[in-house]
Structure formats: C-alpha cells, structure tokens
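J.: So you can see what is in the structure, the chains are spelled out below.
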Amino acid sequence: MGFLTPWFLAGVVGVGLPIWLHLLKRHKSDPKPFPSLMFFERREQSSVVHRRLDHILLFILRTAMLILLALLFANPFINRATPKAAGKKLVVVAVDDSFSMRAFASGTSGESRLDKAKREALDIISGIPATTAAEVVALGGTVEAMTQQTNDPAELRGAVAAIKPSDSRASFGELARFTRTLAESSKMPIEVHLVSDLQKSALPPGFTDLRLAGDTTLILHPVGGEIPNWTVENVKAPTHVYDPKRVRIQATVAGFGTPAAKRNVSLVLNGHQVQSKPVDVPAGADGAPGRAQVEFDELAASYGPNRCEIKIDSADALPGDDSFQFSVERGDPKKILFIDNGRGNGKLYYQTALDSSTDAAFALDVQRPETAATMSLAGYALVVLNNLGPLPPGLEENLERYVNPGKSLLIVLGPASVAMTKVPVEGDPILPASSYAARETERFLTVGDIDSGHPVMKGLERLDGVSFYQAVRVDPSKDAHVLAKLNDQTPLLLERQIGQGKVLVFTSTLDNISNDLPVHGAYWVPFVLQSATYLGGGGAEQPVNVAVDSYVELRTGESKNAAAEVLDQDGKRALSLEEATNAKTYQLTREGFFDVKTASGQQSLIAAHADRRESDLGVIPQETLDLWKGTGAGGAGSDGSGGNGEQKTTPWSLSPILLLLLLLVALAESVVANGYLRAPAER
Amino acid sequence: MVQRFLDPAVLGQLNSLDLVAKTVVDGFISGLHRSPDFGFSQEFAEYRSYNPGDDLRHVDWNVFARTERMYLKRYRGETNCQVNVLLDTSGSMKFASKGMQKLDYAKFLAASVLYLAHLQRDAAGLIVFDEEVRHFVQPSTRQGQLHRLLHGVAEAEPGKRTNLTRPFAHLMDFLRRRGMVAVISDFWEAPEKVIEMVSPLRYRGNEVVLFHLLDPEEIRPKLKHPVMLEDLETGEMMEVTPDYAAHEYRDKMTAHLADIDSRAKGAGMDYFLVDTSRPLDAALREYLALRTGRL
Chain V
49 MGFLTPWFLA GVVGVGLPIW LHLLKRHKSD PKPFPSLMFF ERREQSSVVH RRLDHILLFI
109 LRTAMLILLA LLFANPFINR ATPKAAGKKL VVVAVDDSFS MRAFASGTSG ESRLDKAKRE
169 ALDIISGIPA TTAAEVVALG GTVEAMTQQT NDPAELRGAV AAIKPSDSRA SFGELARFTR
229 TLAESSKMPI EVHLVSDLQK SALPPGFTDL RLAGDTTLIL HPVGGEIPNW TVENVKAPTH
289 VYDPKRVRIQ ATVAGFGTPA AKRNVSLVLN GHQVQSKPVD VPAGADGAPG RAQVEFDELA
349 ASYGPNRCEI KIDSADALPG DDSFQFSVER GDPKKILFID NGRGNGKLYY QTALDSSTDA
409 AFALDVQRPE TAATMSLAGY ALVVLNNLGP LPPGLEENLE RYVNPGKSLL IVLGPASVAM
469 TKVPVEGDPI LPASSYAARE TERFLTVGDI DSGHPVMKGL ERLDGVSFYQ AVRVDPSKDA
529 HVLAKLNDQT PLLLERQIGQ GKVLVFTSTL DNISNDLPVH GAYWVPFVLQ SATYLGGGGA
589 EQPVNVAVDS YVELRTGESK NAAAEVLDQD GKRALSLEEA TNAKTYQLTR EGFFDVKTAS
649 GQQSLIAAHA DRRESDLGVI PQETLDLWKG TGAGGAGSDG SGGNGEQKTT PWSLSPILLL
709 LLLLVALAES VVANGYLRAP AER
Chain E
102 MVQRFLDPAV LGQLNSLDLV AKTVVDGFIS GLHRSPDFGF SQEFAEYRSY NPGDDLRHVD
162 WNVFARTERM YLKRYRGETN CQVNVLLDTS GSMKFASKGM QKLDYAKFLA ASVLYLAHLQ
222 RDAAGLIVFD EEVRHFVQPS TRQGQLHRLL HGVAEAEPGK RTNLTRPFAH LMDFLRRRGM
282 VAVISDFWEA PEKVIEMVSP LRYRGNEVVL FHLLDPEEIR PKLKHPVMLE DLETGEMMEV
342 TPDYAAHEYR DKMTAHLADI DSRAKGAGMD YFLVDTSRPL DAALREYLAL RTGRL
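Protein chains in written order, with our numbering: chain V, 49 to 731; chain E, 102 to 396.
Hint data in this document are derived by calculation from the structure and do not stem from the laboratory. From a predicted model like this one, the values you see are computed outputs, not experimental measurements. In this text, a Cβ means the ideal position worked out from N, Cα and C, and glycines have one as well. Some hints could be false.
[What the hints assert, rightly or not] Cβ-Cβ distance ranges computed for the label pairs, FRET-style:
1) E:326 with V:65: 20 to 30 angstroms
2) V:62 with E:321: 54 to 64 angstroms
3) V:723 with E:379: 37 to 47 angstroms
4) V:89 with E:326: 17 to 27 angstroms
5) V:89 with E:266: 19 to 29 angstroms
6) E:261 with V:55: 51 to 61 angstroms
Just chain V, with the same shape it has in the complex (with noise of 0.2 angstroms):
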C-alpha cells in the first residue's frame, strides 16, 4: 500500500480538533451561578449521563471524518497483482499496399512486392494459433481494417488476398497511431506484424509519432530493398490553353539512387505521343536524388479537356511513377461584360491589366447600362459595373437572374453610387454619410487588414505604398468576407455569396482619381486578373493536377438543388445516387483521370498522380527501426515475445471506497449531532 500524495496525510493532526471539543472543552463548560444550592439535591443524572454517551459517539465519528478525509487527499492505492491477460494477446498484420510496393521485388521475376508481401503475411498467419486472435490490416495512406479480430485462418487469408495495390503514400506515423489506440481498447498485448518495403519516406516528421504502446511488440517483415528508380517527378503546366503556340510545360524528371543516364522523355497527348526529347538524369549525390528538367513549347491541344502525361523510358522496377498525368483544358477567351456609363478611365485601366496575362485570356466586351439590361447575360464568364450610379429598370434584375446559377459579378463604386442606398444585388447598404473625401485634401488611406490567402489578394502583401484618397463606406452585412479594409477600418474589398455566385465588390474606383493603385503595375495587374480568373470561373478554382488522396470540391454552401458527378479513370460513376446529392467533397485515391462536375455545374478533368515520395525506395536504417520497436517494448531488455502468464502489479486506488465511508461516516455525524442538539429540547 501506498499513498500518492503522502504529504495531505498531515491532516490527520485535525484530529487534535475534536479531541479539544469534546474533551477538553466539555470541562469548562461555565457553571451558572445561583444564590444558594440549599433546596437543591446531588444526584446523578441520567440526561447527563445519555449527554456524555452521545459525546463519546460524536467525538469517534467526528475523529473518523478527520482521519478518512486526510486519507483520501493522500490518495491511498494498493498494488494489485493482475494475470498479464492469461497469455493472450492480439496479432495485427499490416501489409504494405502503397504505391511503391507496385515495385518488383528483388530476386523474383516479375513478382511485386506487394505480391510477396502478401505471400509473407499468409506464412505469419499459418503460424498464430488458433486460440489466438489475429486482424489484418492494409498500410495505405490511412489504415484500413480488413478483418476484424478473429480466430479464424481462413477469414485472415481471405482478408490479405483482397488487400489490392494502391496509388496512397504510406504512412508509419498512421500504422503507430492505430496500434496504440488498438491496445487501449483491447487492454492485452498486442503483436504487430508489419509486411512492407519500409520506405524511408513513410516515416513521420516527428519520431515520437512513431511511439508503441506499453505491451506492444513489433516485429518486420521487410519486402524488397533499396533499388534505383527513375521518375517524372514533377509537370508543371498551365490548367488552360487558349493559343497553342504559346505553351509552356516544363517536366522534372529525378533519379533516386540511380547513376548519371540519358533518358528519352515523351509528352503524350490523349494517348498519341507528340514530342519526345532526351535528358541527361545526373546522379544524384548525398542522398538527393539527380535531377534534370524537360521543356516542351508546343502542345496542339483540341478544344475542350484533354489528357496529356509526360513519360519516360526507365525500364527501373517501379513502371507506375515513369509517367506523370496532367490535364489542359482548351478554350476560348472568356468574355467579360464591362458596363460603364462612360466616366473616368476605368476601362482602359482594367482592360490593359486584363491585355498583359499570357496565361489568361480574357476578351472585354463594354455595354452601357441601359443596354444591359435587357441584354442576355448567359455568354459572358463575369460581368464587372464600374462606377455606376441608380441603375436603370431591369439591370438589376438581369443581373441577378446572371448570378444565381453561379455566375459572379464584380462591382466597383465610385462617385456615382453615392447617389444609390445599397450596393445593387450584393444588397449591403451604402452609408448615407458616406464621406466620399474630396481629394484636394491630400490626406489618404494605406490598407489596414488584407486576407492574404484569398485567391484575390494572393501576392498583393498590403498593396504596400498605395494610396487610396476616397472610398465608398459599405456596411457589410454578417455573411460578407471583407477581404480587405482601409486603415479607418472602411472596407475596400468584400465578397458575399449570391445563390451559388459570387459578387465581388470594390468599393474604390478602377481609375487613378480616387486611389492610386492602377499606376502600381506589380499590385494592379495581379489584382485584376486574380480577380477575373476567381469570378469569371464561376467558383472557385478547382485544382486540376493533384496527387492520390486529395480531395476535391464537389459543392459548397448548403445547396442541394444539382447534383454532382464524378467519373473515375475508367468512365465508372464513382459517386452513389446520395453522394452525387450530398457530398461536399470526394477524395482521389488512385492515379489516373478524374471527370468532375460540380454542384455549380462546373465540369473539369482532374489529373490523380501517386505522391512523388513514394518513388524514393531507399529504405529506413536499422538502427532506427530498432529504435522503433523498442518504444513498444515495455521496457528495456524486452525482446517482444508477449510473455506468458506473467504477474503484473497495477496501483489501485483506495478512494473511491474512502470516499464511501467518508459519506457514510459524514451521515452518521449529522444524525448524531442532530438528536444531540435536538436533545434538550424535549426533554
């Protein structure tokens, strides 16, 4: 027995308080005094006696309450011996399935190391016996329970035979995670058998994440060495084509522990090879892989998504990573409608910032607001109002029938929309002091707050040296995002959501009288044409080359009104009938591509490539898998074989039955204390 918080047993002095109460205290009780004693008879009396009964009881159970409570502060325990669960323990197989076991392994012809690895996990699973219960899990990039924890051999040699190979990066960090919460649920030893190449790229950040529980042992099954691999490593190339002849992919190819080689690169469009080039791959050196890039200027691309990949001749042992898929959508110019009643300079501004993109193209088609309003809006990708003042019957509406769907719309205020009492179809309202400063005054605003991670304001830092002299006081309302604020906290850029759109408004103007930033080329150009690119999407940008396990966006907001779509890599709808309804997003898990169509309706091809570290197949040294399966040891010195029958001694707690005689004690007192109080009276 003993105590965790030994020092509260001082307490027990507190004792000395009842013992002063009720002995010593009880002798100098005051006599009363009376004139004289002469009718009056010595007797003893029986009421006193009862009184002095009652002391004794009360002054134990007071003492009692003392005693137990300082015991209960020092959190008394006893050392009970437990049986080590009777020689049970639970045997975990983990097999590898991530992208670099599609690798042939080494001394075999033509066998994965996936194929072996499973060949192993059968063997370990030939050797648990039969009282023992076993589960088979998958390594991916997450860990997936095949089985649950059987006894039986057949359902394990079943589970491994489905385990198929994935594209998802491997990922210790995660296996360590579930052992451990798996043997705080199942409270007895637990004994990981882990198949896999043991990739140097698997292992966490942090060794600690790799951490084993206390009756954990591990022991590994390694699955193909350290091999030299060859891999496109990287593309980058643009999203969108609008002129063929000015392309620009440029392809990173890296060997992992291979020497100096020349290797042909080829870049594929929808399955017909239409340049190839060669590349001298430089060995690598202290452990980074050699590294050479590829430039291709040209990619004839049809109208529309087309699948392109950049692939090279390795002929290595991992076949899977020599090709990297890419998408490019072919388009048209996108047409944005510029309404402007003909003040200011504002469209030159805008449309030479929109002019100098070579990525982007955007054509700007400018309209007066009357002839807006009964024009159809449906071809144009964003629709900007510059500076406009109470607009004619009809646009309004318009507008709002344009952005519902999806569309968005970018609004500008100026001088003129002092004379409207709410930003049209955004809604917030235009404050009726809004003091739209007279420039002679010389005094300006610098921007106070900016969300730098919105698409808008990427690489804009805080529009650093500029001016802004007059701006329009918008209060936003509580679903606005303002996304950046002048220093007297007006807002200069909100966005609000309309429907499934989006309405972008700037509350200064586009030429240089009311700010200056058209005359900062480096903020102004990239301001614009973020700004066109976010809204003339008509959502937010989706990522069209991501790696296996991304997510992507199917819908945001709460509508539930369109459905989404996805077809995988072989034209199969990936997403059940209440899926296409309700998710909001859908994870990539294999290479390939992806056809997406969102709730909004926008339809892209999203290229899934297997991450670029699982290439690397270097593998973990020794001394740090041994470090690894120490800290599931138990201690040091043991080597892992679960023990049999063991004793173990756990601390248990005497509290909660302290804490029971201390209330039933506390009880008792009362009652006492009560009828000794209540005592007199009666009689």
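Model the placement of chain E on the given structure of chain V, informed by the hints.
T.: Just chain E, lined up with the frame of chain V:
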C-alpha cells in the same frame, strides 16, 4: 386609578441613590395625600404648653394667633420612635436573573425606607452586614443624617455569607428606644433559625418588618437543559436537571416561604415577600396597605 409604577431597571439607571429614594417616595407620598387614612409611624399626637427652653420652631403659630397661647405640636414618633434598617449584603444578594442584582434592589428599598423615615423626622439608623457588620450608622435626627445613611447604603458591596446573629447582637447594644427594625435580606437560612435570631428584637417592643427579597428565578427557576449550578456563597457546584428544578425545587421553595411567613407572623413580625421583578414603589404601597389593614 391608573398607577404608573417605577420599573426597577429604570431606577437602576439613576446614578444617585437619594434621587432614587426621592423618585420612589415622593410619588408614593403624593398618593398618600389623596388617602388621609394612610399613615406611617409618626403621627400627630397632642398639643403641649410651651415651656421656656422649648424649640420655637415647633410652636403652632396658628393656635397662638387664635388663642394668644403658645402650644407646641407633638408627634407620636418624635419622642420614642427609631427606624433601623438592616441591609444584607451577603454573596447571594448579587444574584441577578435579568439585569438588576438583588443587592441593588435592596439598596433602593433601604434608601426609600430611610428617606421616608427622614420625611417623618424619625431617627433613622443603618446596619450593613453579611457575616460581619460591614457598616453602621447610629440612629439620629441630626442634620446630614440622611446623607450619611444614603452614603452607607450606596457603599454597600456584595460580601460573603449571611449571619444574622452578629448584626442583631450589635443592634441590641445600642437599641435604647422602641422603634421599628426593617430587615432586608434573602433569608437563605432555615426559617426557624431566622426567626430565632430576629425574635430578641421584639422583646423590647420593637416592630420588626422582614423584607424577604427574592429574584423570580429563585422562586421559579426555569432550566432548559441540565446545568451546573454554583452556590454564590459557598462556591459549591452541583449539576441540576430541569425536571428537578421545575417540580421538587419549587415545592421545597413554596414550603420554605410558607414556613418563614407563618413563623414570622407567629413571632409578631411583619413579613413581606418582595419580588425583584416588581416595581419598587408598588411593592412599598402594597406593604403599607397590608400594614394599615392590620392596624
């Protein structure tokens, strides 16, 4: 007739004892004037012819104006009445159940009797005693006598045990003339012993009045729970239960009071039980009414 009696607690707040006595007695006297049948000891007796050497202050000038003869007014008590007050200051007299000690009440009572005697021009004297005679003022009608008496009363402090033998023996030594002796005490003694000690005073024709001063708590003690009682005179301790105090003690006390009353009357003494919770002037009035009735 509505009487407004003086609460002992109010009297206790008056610092000066003569003021207390005057407050009590003057109100009391004013009541007497409305009742001509009432009287104390000194009453008009007769006229005597003036002899040379007599004090001219006692000449009744009204009679002289009518008859051109000089007569002196003579009072009954003027010649042969002495009033002596014996004040018990034993330890038991310091008992108080509600604020005012028995001794303070006894002092007010003594002062009032002495002041009354002074008004009647009786020769008044005082003996303050416990087991010894603590203070003695010889009876006299001299100027300043009242001041000496009240001073003696005011100086009285609670003493030790009660012993009536010594003060009465002392009193017998100087008691030359007949008069009245008022004994103010709680008489915590066996009744036969009290009467035995007081009786010799009666032999010389004195009127003896026993003022038996008791606190209501002494007569009917009320205990809520068993308590330890301490005898104020002997210091003896005893644990007492409420049950005993409520029944046996009260029976014994009632018997004691009845015994002392009957023995006092049997010995020709006036006995009057004074409850310290009652107004002092009311107690005095009641006593005088009883006395008058007997006369």
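J.: None of the hints should be skipped; say for each whether it holds.
T.: So, going through the hints one by one against the coordinates:
1. Range check, residue 326 of chain E to residue 65 of chain V: Cβ separation about 24 angstroms, and the 20 to 30 angstroms hint holds.
2. Checked against the hint of 54 to 64 angstroms, the pair residue 62 of chain V and residue 321 of chain E fails, with Cβ atoms roughly 45 angstroms apart.
3. Between residue 723 of chain V and residue 379 of chain E the beta carbons are some 41 angstroms apart, a value that agrees with the proposed interval 37 to 47 angstroms.
4. Distance hint check: the CB atoms of residue 89 of chain V and residue 326 of chain E are about 18 angstroms apart, consistent with the given range 17 to 27 angstroms.
5. Our hint of 19 to 29 angstroms for residue 89 of chain V and residue 266 of chain E holds, since their Cβ atoms are close to 27 angstroms apart.
6. Against the hinted window of 51 to 61 angstroms, the Cβ-Cβ separation of residue 261 of chain E and residue 55 of chain V comes to about 59 angstroms, which satisfies the hint.
The structure fails hint 2 only (numbered hints given earlier).
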